[in-house]
Amino acid sequence: MKNYLSVLALAAGSLFAQASWAAGSPNLNQTSWQLTSLTGWKGSNPSQIQPRASLSFNNGTVSGTDSCNNFRASYSHPRVPKIKQSLSIRMDQAMSTLMACPPEQNQLSQALARALKQTYQYQITNQSLHLLDQRGMVLASFEHPATNVPGTSWQLISYNTGKAMMSSLNTEKMTASFHPDGSLSGFAGCNKYQANYRIDEARGTLQLGPVASTKMLCPNQELMQEEDGFLKAWQRVRLYGRQGDGLSLFDAKGNRLMDFRFTGDLKLSKPAVKPQVR
Numbered sequence: 215m216k217n218y219l220s221v222l223a224l225a226a227g228s229l230f231a232q233a234s235w236a237a238g239s240p241n242l243n244q245t246s247w248q249l250t251s252l253t254g255w256k257g258s259n260p261s262q263i264q265p266r267a268s269l270s271f272n273n274g275t276v277s278g279t280d281s282c283n284n285f286r287a288s289y290s291h292p293r294v295p296k297i298k299q300s301l302s303i304r305m306d307q308a309m310s311t312l313m314a315c316p317p318e319q320n321q322l323s324q325a326l327a328r329a330l331k332q333t334y335q336y337q338i339t340n341q342s343l344h345l346l347d348q349r350g351m352v353l354a355s356f357e358h359p360a361t362n363v364p365g366t367s368w369q370l371i372s373y374n375t376g377k378a379m380m381s382s383l384n385t386e387k388m389t390a391s392f393h394p395d396g397s398l399s400g401f402a403g404c405n406k407y408q409a410n411y412r413i414d415e416a417r418g419t420l421q422l423g424p425v426a427s428t429k430m431l432c433p434n435q436e437l438m439q440e441e442d443g444f445l446k447a448w449q450r451v452r453l454y455g456r457q458g459d460g461l462s463l464f465d466a467k468g469n470r471l472m473d474f475r476f477t478g479d480l481k482l483s484k485p486a487v488k489p490q491v492r
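Residues in the sequence shown are numbered from 215 upward in steps of one, following my numbering.
Careful: at least some of the hints might be erroneous.
[Claimed, not checked] Listed next, the in silico SDA-like pairs over lysine to any residue satisfying Cα-Cα at most 25 Å (straight line):
(1) LYS446 to TYR411
(2) LYS331 to ASN374
(3) LYS387 to MET351
(4) LYS296 to MET351
(5) LYS331 to ARG304
(6) LYS387 to SER288
(7) LYS446 to PHE401
(8) LYS298 to GLN244
(9) LYS296 to GLY274
(10) LYS377 to MET351
(11) LYS377 to LYS467
(12) LYS331 to ALA308
(13) LYS387 to ARG304
Derived by calculation from the structure, the hints in this document are not laboratory data.
Given only the sequences and the hints, what does the whole structure look like? Please build it.
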């Protein structure tokens, strides 16, 4: 069984230019960001590398993922002459998971760690966060994480069995695609499924109509049980929360039902499914 850590968002960007300060830049506390660029980075666009590097600032603690591992460190705003928005991130005291990662993710994580360690000040302009060194040169740039659900596709991380959140090799194959027309489709482990959904982004509510699925026999009892639990969990969904590349679904009481990871934005067309109502 494979366990996953919930991830908060983090990241960095690269503009190799002198930054000018605007008085009254917004406070970092209780903000989340995703990496868009990183100075000196020669690999793929950081925004296309999954999981996407991200940062969240909360009362002196910055946490996130560097595209390879999750980490947590302290941050502060020391008084520095002529610096209006100082920022010090204590990467030398950071706590981190120790997962092995593919080469590109590993290289990005190291480059981002160097940028965070060199950060001396910050600036927020046009909904973007820029981390700067002591000379005012941009080390990394970030954007606010997306919060929309319609038009997106997801892979299941774990779901609530009624006793605990569970993940396995089977759940990794389960997916969900929220089409802009209000229809939901996906793969439940051995069968395809679909339903209609209603979403209120202002209230954070999400509710499905009857769930229909194909009726193929699963190769083993374990997969059959996990698929049945996954499909039944959809009927209890009433609330949702998206933070960048993470989507969590909850029941009416706020109990967590499912966690997903972002896999991409949807194209306009969707495959036809011929399901039966469960």
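Tested hints:
1. LYS446 to TYR411: The hint holds at about 15 Å.
2. LYS331 to ASN374: Given that 25 Å is the threshold and the Cα spacing comes to 38 Å, the pair is violated.
3. LYS387 to MET351: Since the Cα atoms of LYS387 and MET351 sit roughly 43 Å apart, the hinted pair is violated (cutoff 25 Å).
4. LYS296 to MET351: holds (15 Å)
5. LYS331 to ARG304: holds (7 Å)
6. LYS387 to SER288: Violated, at roughly 36 Å.
7. LYS446 to PHE401: Holds, at roughly 14 Å.
8. LYS298 to GLN244: holds (19 Å)
9. LYS296 to GLY274: holds (22 Å)
10. LYS377 to MET351: violated (51 Å)
11. LYS377 to LYS467: Judged against 25 Å, a Cα distance of about 16 Å means the pair holds.
12. LYS331 to ALA308: The given pair, whose Cα atoms are some 10 Å apart, holds under the 25 Å limit.
13. LYS387 to ARG304: violated (38 Å)
Hints 2, 3, 6, 10, 13 from the earlier list are contradicted by this structure; the remaining hints agree with it.
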